[in-house]
Amino acid sequence: MPTVLITGANRGIGVEFARQYSTDGWDVIATARQSSPELDQLKLRIETLDLSDADAVAAFPRRIDGPLNLFIANAGTNQPMNTASAGDARDWQVMMMTNAIAPYQLGCALLPKLAEARGKAIAISSGMGSIGDNGGGWVPYRTSKAALNMAWSSLAMEAKPRGVTCVLLSPGWVKTRMGGAGAEITSEESVGDMRALIDRLTLDDSGRFLRRNGSDLPW
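Just add 71 to the spot in the sequence shown (first one is 1) and you have my numbering.
Each hint should be verified, as a subset may be incorrect.
25 angstroms max Cα-Cα, derived SDA-like pairs, lysine to any residue [as the list claims (entries may be wrong)]: (1) Lys114 x Thr257; (2) Lys246 x Lys184; (3) Lys184 x Asn284; (4) Lys184 x Leu274; (5) Lys246 x Arg104; (6) Lys231 x Asn149; (7) Lys231 x Met152; (8) Lys231 x Ile100; (9) Lys114 x Ala218; (10) Lys246 x Ile269; (11) Lys184 x Ile269; (12) Lys184 x Arg279; (13) Lys231 x Arg282; (14) Lys184 x Pro73; (15) Lys184 x Asp98; (16) Lys246 x Lys231; (17) Lys231 x Thr273; (18) Lys114 x Asn149; (19) Lys231 x Asp287; (20) Lys114 x Asp98; (21) Lys246 x Ala157; (22) Lys184 x Thr257; (23) Lys184 x Asp121; (24) Lys246 x Glu229.
So the derived label-pair ranges between C-beta atoms look like this [unchecked claim]: (25) Ala160 x Glu109: 27 to 35 angstroms; (26) Ala160 x Gly137: 38 to 46 angstroms; (27) Gly234 x Ala157: 23 to 31 angstroms; (28) Gly96 x Glu260: 31 to 39 angstroms; (29) Asp275 x Pro138: 28 to 36 angstroms; (30) Glu260 x Arg233: 31 to 39 angstroms; (31) Pro73 x Ala157: 32 to 40 angstroms; (32) Thr94 x Ala157: 42 to 50 angstroms; (33) Ala160 x Arg233: 22 to 30 angstroms; (34) Ala157 x Gly208: 16 to 24 angstroms.
Simulated from the structure, these hints should not be mistaken for lab results.
For each residue, glycine too, the CB sits at the ideal point set by N, CA and C.
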């Protein structure tokens with residue numbers, strides 16, 4: 072039975088990944104700062120993990136036993152939206168840890184487990200992290216995702232010689248708490264597309280930044 076580790080699995084895209092992989096017979100390890108009724112009803116292995124806590128992130132990989140086929144770094148925050156105050160700046164620091172630093176730290180620490188299975192490490196990024204396609208605004212969020220892109224690109228270089236495929240995916244504009252009710256697609260559609268893409272990724276794709284349909288996004 073293949074094993075997948077999903078961060079931020081208590082709602083939205085994360086819980087949908089957990090639901091779909093569980094339904095298909097995967098052993099799912101779901102992490103979140105706190106669980107949710109939606110996650111609890113899936114009856115999975117749930118591990119508490121706050122990605123803003125550097126000590127918790129450093130200690131977490133010791134909880135994973137055996138080979139890991141897939142790591143999905145999904146957890147993230149879109150707050151703050153502004154940069155107007157000292158409070159915004161402090162929240163921005165937390166965002167950088169949650170959205171960029173912690174995923175990379177976990178990815179590095181999990182490489183031995185992923186290498187055992189010649190697995191895949193997927194980071195959920197965003198088109199808003201593209202410098203080449205910068206539409207302005209949302210500066211904290213854009214910078215956090217751009218930082219994630221650079222970190223994951225570097226992780227791909229470290230991982231490829233070990234047979235681990237590392238790819239960044241943009242899920243699109245999804246109807247979640249973060250994306251809002253006016254978004255274009257449901258989490259079921261987004262995750263279904265991303266899962267199909269993940270299935271067909273090979274080591275030759277490592278280091279790419281892709282839309283959920285498999286087309287390349289500009290860096």
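We went through each hint and held it up to the structure:
1. Lys114 x Thr257: Within the cut-off at roughly 23 angstroms; holds.
2. Lys246 x Lys184: It is violated: about 33 angstroms lies between the C-alpha atoms, which goes past 25 angstroms.
3. Lys184 x Asn284: violated, 28 angstroms
4. Lys184 x Leu274: With a Cα-Cα distance of about 17 angstroms, the restraint between lysine 184 and leucine 274 holds, given a limit of 25 angstroms.
5. Lys246 x Arg104: holds, 21 angstroms
6. Lys231 x Asn149: Outside the cut-off at roughly 30 angstroms; violated.
7. Lys231 x Met152: Between lysine 231 and methionine 152 the Cα gap is close to 35 angstroms, so the pair fails against 25 angstroms, i.e. violated.
8. Lys231 x Ile100: Between lysine 231 and isoleucine 100 the Cα gap is close to 24 angstroms, so the pair holds against 25 angstroms.
9. Lys114 x Ala218: This hinted pair is violated, its Cα atoms lying about 34 angstroms apart.
10. Lys246 x Ile269: holds, 21 angstroms
11. Lys184 x Ile269: holds, 18 angstroms
12. Lys184 x Arg279: Distance of about 22 angstroms is within 25 angstroms: holds.
13. Lys231 x Arg282: holds, 21 angstroms
14. Lys184 x Pro73: holds, 12 angstroms
15. Lys184 x Asp98: holds, 15 angstroms
16. Lys246 x Lys231: violated, 34 angstroms
17. Lys231 x Thr273: holds, 10 angstroms
18. Lys114 x Asn149: The given pair, whose Cα atoms are some 28 angstroms apart, is violated under the 25 angstroms limit.
19. Lys231 x Asp287: Holds, at about 19 angstroms.
20. Lys114 x Asp98: holds, 11 angstroms
21. Lys246 x Ala157: violated, 31 angstroms
22. Lys184 x Thr257: violated, 32 angstroms
23. Lys184 x Asp121: The given pair, whose Cα atoms are some 21 angstroms apart, holds under the 25 angstroms limit.
24. Lys246 x Glu229: Given pair lysine 246, glutamate 229 is violated - Cα atoms ~34 angstroms apart, limit 25 angstroms.
25. Ala160 x Glu109: 27 to 35 angstroms: The hint (27 to 35 angstroms, Cβ to Cβ) holds, given that alanine 160 and glutamate 109 are roughly 33 angstroms apart.
26. Ala160 x Gly137: 38 to 46 angstroms: holds, 41 angstroms
27. Gly234 x Ala157: 23 to 31 angstroms: violated, 46 angstroms
28. Gly96 x Glu260: 31 to 39 angstroms: violated, 22 angstroms
29. Asp275 x Pro138: 28 to 36 angstroms: violated, 22 angstroms
30. Glu260 x Arg233: 31 to 39 angstroms: holds, 33 angstroms
31. Pro73 x Ala157: 32 to 40 angstroms: violated, 46 angstroms
32. Thr94 x Ala157: 42 to 50 angstroms: holds, 46 angstroms
33. Ala160 x Arg233: 22 to 30 angstroms: This hint is violated: roughly 38 angstroms between Cβ atoms.
34. Ala157 x Gly208: 16 to 24 angstroms: Holds - the Cβ-Cβ distance for alanine 157 and glycine 208, about 21 angstroms, lies within 16 to 24 angstroms.
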